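Asks: Okay, here's what each chain looks like letter by letter:
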Amino acid sequence: MVENRPILNIVTHLVLILGVAIVALPIWITFVASTHEETRMLQAPLPLLPGGFFVENFKQTFFGSGLSGSQSAPVWRMLLNSLSMALMIAFGKISISLLSAFAIVYFKFPFRMGFFWMIFITLMLPVEVRILPTFEVVADLGLLNSYWGLSVPLIASATATFMFRQVFLTIPDEMLESARIDGAKPMQFFWDILLPLSRTNIAALFVILFIYGWNQYLWPLLITTDTDMTTIVMSIKQMLEAAEQSPQWNIIMMTALLAMLPPVFVVVAMQKLFVKGLTETDK
Amino acid sequence: MLKRVHFQSSILPYLLVAPQIVITLVFFIWPASQAVYQSFLIEDAFGLSTEFVWFENFEYLFGDELYLDSFLRTLFFSAAVAFMSMSFALILAGFADRVVRGATTYRTLLIWPYAVAPVLAGALWVFMFNPTLGIFPYFLGFLGYDWNHYLNGNQAMLLVIMAAAWKQVAYNFLFYLAAMQAIPRSIIEAGAIDGARPLRRFWTLIFPLVSPTTFFLLVINAVYAFFDTFGIIHAVTQGGPANSTTILVYKVFNDGFVGLDLGGSAAQSVILMFLVIVMTFIQFRYIENKVEY
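Quick note, the sequences are listed as chains A and B, same order.
Okay, so the first sequence: first residue is 1 according to my numbering, each after it adds one.
Okay, so the second sequence: first residue is 1001 according to my numbering, each after it adds one.
Just to be clear, a hint being listed does not mean it is correct.
To be verified - Only part of the chain A face toward chain B is listed, based on derived beta-carbon distances under 7 Å:
no., residue
1, I7
2, I10
3, P26
4, F31
5, V32
6, K59
7, G114
8, F120
9, T134
10, G183
11, Y212
12, N215
13, A242
14, L258
15, L261
16, V264
Claimed, not checked - Covered, in the sense of this in silico footprint (three residues per stretch, anywhere, with C-beta under 8 Å from a C-beta of chain B), are these stretches of chain A:
no., segment
17, 80–91
18, 103–112
Said to hold, decoys possible - Anything over 12 Å on all C-beta distances counts as not near chain B; from chain A, calculated:
no., residue
19, F63
20, P186
21, E241
22, E244
23, P263
In case anyone wonders, no lab produced these hints; they're calculated from the structure.
All values reported here derive from a predicted model rather than from experimental measurement.
Beta carbons are placed, not taken as given, at the ideal position from N, Cα and C, and that holds for glycine.
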């Protein structure tokens, strides 16, 4: 604080509180919608304060099949699918990026730079620009409607490789020299020295990648047709479509709430790691 | 790039890069080259015969009014999303930077929309603006304003812009706040001693000093609006009404998977790929050489 301006301080807090309120409003409305019964959610004006049906709605959404009269997997199953996909993507990206960054920084071998540029190119090929041919590849490999098909095509990662490369480059050369004097093999050096030293970076990246994986939409939409493989994020769209005939906004909004809870929890609970991961991967 | 001290080459480094390279080849480079190849083909409606036509698909696209409209619409959409979410984030970060105690609390309360999937953000906003039930159309009705984004293209556009900007505020806020907190206090104090009031200090000192962040965020927001907003469009408007919210990414998907126009969709993919390459280049070229003072 440079100078004391009591009025400006009050204005500062008012503006920030207003900002928080604007940002939080959509979630508040969602939460309120998930606490009322179906018939109340059909009368305009919709309520602005919570009602008493949260537990009933939760039970119907979590253990039932979401909307009544629709053919979909129960929501707990969708949450499980999303969790598996997010974890596979996060672990997959981190492990293959760690390995390739290790090879590129610590080995001299023919085509080293060629491999590096090949990884770099993936940065320029988001799934949105090559959806159709990638879909064909996955279909030819027989990976439609499987966890492998959901995760493996997404786990190549230039940003993660660059980040680990950056981390390894800051590790002093003496580490490797002394490890070699002690007779460490390359993989021993990787496990016993590099991995422990990059622990916080791995954790920070994990937070970002978990959110990335959980929030995938277009890709699961294309390759899963089996209702048992539906992810929770995908199911919202199907519910919105069903809502045009028989709106059950309390159930839809409860599902939306459940779908955003895990990644939001990760961001809030691991805020420090999240900020670290976000600022390091994008630079 | 390479460590001065390194291991002797053997088969090991190839094994280490193999998983990443195999996935890159199978799921990235091969499909991308297929997209380029298919963009030179025209397939008949039944998929029985294909004809190699060189740049005909591209020529068709650039003569197609629907495509050009979609292109301009995407530019407008990106600019609007970037402007809305960046200015909102800049204002909040400017105030949060002043707060001595509680700055992290405000940060926690502002950053979590980052974790909300675009399609969910779309679902929340479409619910709030539901023409028959939503909160906002109800209150707008009192003002004599009729909201129906299923019929009115401008309202549909406004709705997807708001949903997309809402989700991105968290990201922009985080980067602006970090940039402002990195400014040495002595500079701000010097400004204060020279008699500059807070608002003036903000415009003449803080805003110019965070300009590298502004530039970085412009690129990031453009990429976000171009590619990551598919879920919002798909959930809120499905490109409608009458194509008024069909942005490029949505059009690729729609022409390819719904319209089954493989050549045309592939040609659009190639154009998008080119755009990503340009944006990535700008990002790396200018983020590496930070703006100097």
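Asks: A separate judgement is required for each hint: does it hold in the structure or not?
Replies: Hint check results:
1. I7: Where the cut-off is 7 Å and the nearest Cβ of chain B is about 11 Å from I7 of chain A, the hint is violated.
2. I10: Hint on I10 of chain A: violated, closest Cβ of chain B at ~11 Å, above 7 Å.
3. P26: At 4 Å from the nearest chain B Cβ, P26 of chain A passes the 7 Å test, so the hint holds.
4. F31: violated, 10 Å
5. V32: Hint violated; V32 of chain A Cβ to chain B Cβ min 10 Å, cut 7 Å.
6. K59: Hint violated; K59 of chain A Cβ to chain B Cβ min 21 Å, cut 7 Å.
7. G114: violated, 10 Å
8. F120: Status violated, d = 9 Å.
9. T134: holds, 4 Å
10. G183: violated, 13 Å
11. Y212: violated, 10 Å
12. N215: holds, 4 Å
13. A242: Violated, because the Cβ-Cβ distance from A242 of chain A to chain B comes to roughly 12 Å (cut-off 7 Å).
14. L258: violated, 10 Å
15. L261: Given a least distance of 9 Å, the restraint on L261 of chain A is violated.
16. V264: holds, 5 Å
17. 80–91: Since three or more residues must qualify, the claim that chain B covers the segment 80–91 of chain A is violated, with 0 doing so at under 8 Å.
18. 103–112: Since three or more residues must qualify, the claim that chain B covers the segment 103–112 of chain A holds, with 9 doing so at under 8 Å.
19. F63: Since the minimum Cβ distance to chain B is about 21 Å, F63 of chain A lies beyond 12 Å and the statement holds.
20. P186: violated, 5 Å
21. E241: violated, 9 Å
22. E244: violated, 10 Å
23. P263: violated, 4 Å
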